[in-house]
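J.: Numbering (my numbering), first residue to last: 3 to 114.
Hints listed in this document are in silico derivations from the structure and should not be mistaken for laboratory results.
Even for Gly, the Cβ is constructed at its ideal location relative to N, Cα and C.
Take these hints with a grain of salt, some might be off.
Stated by the list, open to error - Label pairs and their in silico Cβ distance ranges:
#1 G23 with T46: 17 to 25 Å
#2 K9 with G60: 20 to 28 Å
#3 R108 with T68: 50 to 58 Å
#4 A100 with Q69: 43 to 51 Å
#5 R75 with P111: 36 to 44 Å
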Amino acid sequence: MRAEVLKGHLDGLLLATLEGGPLHGYAVMEALRSGSGGRVDLPTGTIYPALHRLERAGLVRSRWWTQGGRRRRSYELTPAGSRALAGERSSWQEFSGAVSALLEGRPWPTPA
Numbered sequence: 003m004r005a006e007v008l009k010g011h012l013d014g015l016l017l018a019t020l021e022g023g024p025l026h027g028y029a030v031m032e033a034l035r036s037g038s039g040g041r042v043d044l045p046t047g048t049i050y051p052a053l054h055r056l057e058r059a060g061l062v063r064s065r066w067w068t069q070g071g072r073r074r075r076s077y078e079l080t081p082a083g084s085r086a087l088a089g090e091r092s093s094w095q096e097f098s099g100a101v102s103a104l105l106e107g108r109p110w111p112t113p114a
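All chains should be built: construct the whole structure from the sequences, respecting the hints.
T.: What follows is the structure in structure tokens.
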């Protein structure tokens, strides 16, 4: 899946990936790849700038640590990031439901 296809959804995907706990940047990329069955395979040039942007916005925080002589930076959700993720999920449900209704030729909202 190309990065352009995910435009507007990358922040939500990154926040959801970090919901389970802190991860370093490469682990975030791996979680996206494995969680999507390989369909979301984004380069570091997409992931790291987005993580830094989310950090500047106060939605994630990072810390440096050393493991096996390698210095790594891990990222984790802040309380504001958790609230933003809830909003992203709500927006996605509405958006995907409306698009599905249009593509399937059924009314939106679906009658109960």
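J.: For every hint, state whether the structure bears it out.
T.: Cross-check of the supplied hints:
1. A C-beta distance of roughly 21 Å is found between G23 and T46, which places it inside the suggested range of 17 to 25 Å.
2. Between K9 and G60 the Cβ separation comes to about 22 Å, which falls inside the hinted range of 20 to 28 Å.
3. A hinted range of 50 to 58 Å holds for the C-beta pair R108 and T68, which are about 55 Å apart.
4. Evaluation of the 43 to 51 Å hint for A100 and Q69 yields a pass: the beta carbon distance comes to about 45 Å.
5. Distance hint for R75 and P111: a CB-CB separation of about 43 Å, consistent with the stated range 36 to 44 Å.
Going down the numbered hints, you'll see the structure goes against none, and every one checks out.
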